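Residue numbers (the numbering used here), protein chains in the order written: chain B, 1 to 66; chain P, 1 to 163.
Because the hints were derived from the structure by calculation, they are not lab data. None of the values given here were measured: they were computed from a predicted structure. Do not rely on the hints blindly, as some may be mistaken.
Straight-line C-alpha distance at most 30 Å; calculated DSS-like pairs for lysine-lysine [unchecked claim]:
no., chain 1, residue 1, chain 2, residue 2
1, P, 41, B, 7
2, P, 147, B, 7
3, P, 147, P, 133
4, P, 76, P, 49
5, P, 154, B, 7
Which residues of chain P face chain B? A partial, calculated answer using Cβ under 7 Å [unchecked claim]:
no., residue
6, 3
7, 35
8, 55
By construction, the Cβ of each residue, glycine as well, lies at the ideal position given by its N, Cα and C atoms.
Read off the chains here:
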Amino acid sequence: MAEFEPKIVAFLCNWCAYAGADLAGVSRLQYPSSIRTVRVMCSGRVDPMFVLEAFKDGSDGVLVAG
Amino acid sequence: MTQKLFDIAGIGKERVHLAWVSSAEAQRFVEVVVNATESVKAMGKFDPKAFEYELAAVEMTLSGETLRWMVGKEVKITTKGDVYGRKWDVESFETILDAVLEREYQKNLIYKAVKEGHTCVRDIHDKIGLDLKRISYLLADLEKTNKVEFTGMKDRIPVFAVL
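Extracted from the complex, chain B is given alone in its bound form (with noise of 0.2 Å):
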C-alpha cells in the first residue's frame, strides 16, 4: 500500500508567505506536494470557519501562513 498522502489546506497571505512560496519555486527549493495553497489577500482574513470547512469537506491538515 502506498503511503498516506496527507491533503494540507494551506491559507497564504499574499505579500508574505504566498511570495515566500513563490521563491521558493523560483529557487528550485523541493517541498511535499501534499499542500494545496490558496491565495487569501491577509492572513488576518482567515477565519476559524474557513479551518473548519477545510476538515468538513475532507482535508486532513491545514497551515496559515501570514
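On the provided structure of chain B, position chain P as indicated by the hints.
Relative to the frame of chain B, chain P by itself:
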C-alpha cells in the same frame, strides 16, 4: 484558540498549523511545510464522518456569539479595562477564554446529541462520554438560553428536545 478547540474535540491540534513566513524566507517556508506535512502524516487520515458530532459542535462554538464577543472584546478588556474599570492581564483573560471555550464546546456537543435523538441524560452520556453531572448542569444552561426544552418525563426519566 482554534487549535485548542480541536484538541478538546479530539481532532488534534497537530492538524492545524500557524506560521509566520516573510516573503524573503523561502527556506523557512519549505521547513514550515515539511514540518506541517510530517505532523499531519503522523496523525493519519482525517475522516469527517467519524467526527460528525465533534465537527458540528466545533462549528457552532466558533460561529457562536459567546466566543466571538470574548475574542472581540479581548483587546479592550486587557488594555482599557472591563465595564467595572478593572484591567485584566492577558494570561488571566486567556485562562477564562479557555474555560469558556471548553464549556461552549460541551454545550454544543450536548445540543447536537439531543438534536440527533439522544433525549435523556444517560443516552447523551453514552453517546458523547461526558460526565452525567456535567451534562445535567450544561443542559440547565441550554434551557436558560432557550436552546433546549424539558418536554416531560418518560418512565421517571426527564426527556429533552431542541427548540
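Chain B contact restraint for residue 3/P - C-beta distance below 7 Å
With Cβ-Cβ at 9 Å, over 7 Å, it is violated.
Hey, residue 147/P versus residue 133/P, does the alpha-carbon distance stay inside 30 Å?
The hint holds at about 19 Å.
Are the Cα atoms of residue 76/P and residue 49/P separated by 30 Å or less?
Violated - the C-alpha atoms of residue 49/P and residue 76/P are around 39 Å apart, more than 30 Å.
Taking the least C-beta to C-beta distance, is residue 35/P closer than 7 Å to chain B?
The hint is violated - residue 35/P has no Cβ within 7 Å of chain B, the shortest such distance being about 9 Å.
Does residue 147/P pair with residue 7/B here, judged by a C-alpha cut-off of 30 Å?
Distance of about 36 Å is beyond 30 Å: violated.
Could you grab the alpha-carbon distance between residue 154/P and residue 7/B and see if it respects the 30 Å cut-off?
Violated - the C-alpha atoms of residue 7/B and residue 154/P are around 47 Å apart, more than 30 Å.
Hinted pair, alpha-carbon criterion (30 Å max): residue 41/P, residue 7/B. Please report holds or violated.
9 Å, holds
Measuring from the C-beta of residue 55/P to each C-beta in chain B, is the shortest one below 7 Å?
6 Å, holds
Going down the numbered hints, you'll see the structure goes against 2, 4, 5, 6, 7, while the others check out.
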